[in-house]
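Q: First to last, the sequence lines map onto chains A and B. First residue of the first sequence? That's 97 in our numbering, and the numbers climb one at a time after it. First residue of the second sequence? That's 97 in our numbering, and the numbers climb one at a time after it.
If you are wondering where the hints come from, they were derived from the structure by calculation, not from laboratory data. Do not rely on the hints blindly, as some may be mistaken.
Put simply, identical chains are the same to the list, so a pair is met inside one copy or across any two.
Stated by the list, open to error - Here are the computed lysine to aspartate or glutamate pairs in the EDC-like style, where the Cα-Cα straight-line distance is at most 16 angstroms:
hint: 1; residue 1: K267; residue 2: D213
hint: 2; residue 1: K210; residue 2: D277
hint: 3; residue 1: K267; residue 2: E131
hint: 4; residue 1: K260; residue 2: D277
hint: 5; residue 1: K210; residue 2: D172
hint: 6; residue 1: K210; residue 2: E256
Protein chains: 2
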Amino acid sequence: MTRHFDEDLEALRRRLLEMGELALRMIGNASRVLEGQDESFGRAVGEDEELVNRLHVEIDDECLRLIALHQPAAGDLRLIAAALKVNTDLERIADQAVNVAETGAFLAKAPRAKLGDIPRMVELASSMVKDALAAFSRRDVELARSVVARDDEEDRLKSETLTKWLSQMQKDSSDVQRGLDLILVSRNLERIADHATNIAEDVVFMVLGQDIRHSAGKAQKAP
Amino acid sequence: MTRHFDEDLEALRRRLLEMGELALRMIGNASRVLEGQDESFGRAVGEDEELVNRLHVEIDDECLRLIALHQPAAGDLRLIAAALKVNTDLERIADQAVNVAETGAFLAKAPRAKLGDIPRMVELASSMVKDALAAFSRRDVELARSVVARDDEEDRLKSETLTKWLSQMQKDSSDVQRGLDLILVSRNLERIADHATNIAEDVVFMVLGQDIRHSAGKAQKAP
Numbered sequence: 097m098t099r100h101f102d103e104d105l106e107a108l109r110r111r112l113l114e115m116g117e118l119a120l121r122m123i124g125n126a127s128r129v130l131e132g133q134d135e136s137f138g139r140a141v142g143e144d145e146e147l148v149n150r151l152h153v154e155i156d157d158e159c160l161r162l163i164a165l166h167q168p169a170a171g172d173l174r175l176i177a178a179a180l181k182v183n184t185d186l187e188r189i190a191d192q193a194v195n196v197a198e199t200g201a202f203l204a205k206a207p208r209a210k211l212g213d214i215p216r217m218v219e220l221a222s223s224m225v226k227d228a229l230a231a232f233s234r235r236d237v238e239l240a241r242s243v244v245a246r247d248d249e250e251d252r253l254k255s256e257t258l259t260k261w262l263s264q265m266q267k268d269s270s271d272v273q274r275g276l277d278l279i280l281v282s283r284n285l286e287r288i289a290d291h292a293t294n295i296a297e298d299v300v301f302m303v304l305g306q307d308i309r310h311s312a313g314k315a316q317k318a319p
Numbered sequence: 097m098t099r100h101f102d103e104d105l106e107a108l109r110r111r112l113l114e115m116g117e118l119a120l121r122m123i124g125n126a127s128r129v130l131e132g133q134d135e136s137f138g139r140a141v142g143e144d145e146e147l148v149n150r151l152h153v154e155i156d157d158e159c160l161r162l163i164a165l166h167q168p169a170a171g172d173l174r175l176i177a178a179a180l181k182v183n184t185d186l187e188r189i190a191d192q193a194v195n196v197a198e199t200g201a202f203l204a205k206a207p208r209a210k211l212g213d214i215p216r217m218v219e220l221a222s223s224m225v226k227d228a229l230a231a232f233s234r235r236d237v238e239l240a241r242s243v244v245a246r247d248d249e250e251d252r253l254k255s256e257t258l259t260k261w262l263s264q265m266q267k268d269s270s271d272v273q274r275g276l277d278l279i280l281v282s283r284n285l286e287r288i289a290d291h292a293t294n295i296a297e298d299v300v301f302m303v304l305g306q307d308i309r310h311s312a313g314k315a316q317k318a319p
């Protein structure tokens, strides 16, 4: 029974990582849409979303099945609870990648230089998702904490994008559409970083049983 | 044991409803900030957020404690799994209310007539949260489905807000700041409606064991 349970948990871990890989690929392809590379990348994002949605439902099912069947306690229960939450966050990350790709289709005519801090935000958000997943997979608390720490930088880039483009939109009405799109994309990316932060916080809880959400040391979120 | 478990589940239900009442009060007070009524409402939103954050951590703890202690199966397990998710959604609703209040502080000088569809969006989002909580409390699948059905209207109002203000911002640069703020607030409200929809979907799963998320009949989300 215990051996079987360990195998089930390992299979669950692998499926979550598979879903995470899909979400990361979606972010990558959405950013190619932003850069105006090719509209086939937008279609790829839509196709991956279908796969993510299917995994979302299946992984939730599997978590409940494991709880009902094995009646886990302590660390095993925390792992399954974390899996339930990571599953939700990955699905939302995928949703945000779809949003980026959709707005990106409008922006695609703008040359890369005009994207400002957006490529940097894509890179940072992707690295946070990647490391949050690695931290989950390896039960690596230090890596998880480093993901949480990076969230402030993404918030800062989002705020700067807003300030910069707001003033540009006020100066030149021909920049209103592009400025608005970039502001909205920056918020999608910042939400991806938030979800990566959630995953990292779940890893700390899973490994240490310590809830670091809403802790005093954590910076408040900007709107 | 069973009787004790029933009492524990009833206590869990009551705490979630308490958290839901706080989230609803935050939306109401955030909308008063939008209408420029009084800055004390903004402080009230911040104070309620603290309470919501505390409940968020406590309810998660309680759900895991109940699973470990009572090893629930079938309907009871679905109820606790739903409680875990409703807890997350309520905390995110509270976050969005904080965002509305913060942007609202900038907007507060605009007369009410200039808010366009925003008061309607506040009303609709609040009614969705209220009914999603009532559906959870009463295990009312029909009411839950009516919440899911209302989400399209909130999406539509959000899209209209974007179209209308984008064109206004292009016409008159003195409207850029206000237009952007209204567009961002409309997105916060639409996300509140999304979270209410998530809660309603969890109610259907909790009662019927049927997962209606990502189902073919459901309209795709706009970005």
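Q: Evaluate each hint against the coordinates.
A: So, going through the hints one by one against the coordinates:
1. K267 - D213: neither (20 angstroms within a copy, 27 angstroms between copies)
2. K210 - D277: within (12 angstroms within a copy, 23 angstroms between copies)
3. K267 - E131: Classified as neither; 25 angstroms inside a copy, 28 angstroms across copies.
4. K260 - D277: Answer is both; intra-copy 13 angstroms and inter-copy 15 angstroms each pass.
5. K210 - D172: Classified as neither: same-chain Cα gap 48 angstroms, cross-chain 54 angstroms, threshold 16 angstroms.
6. K210 - E256: within (14 angstroms within a copy, 27 angstroms between copies)
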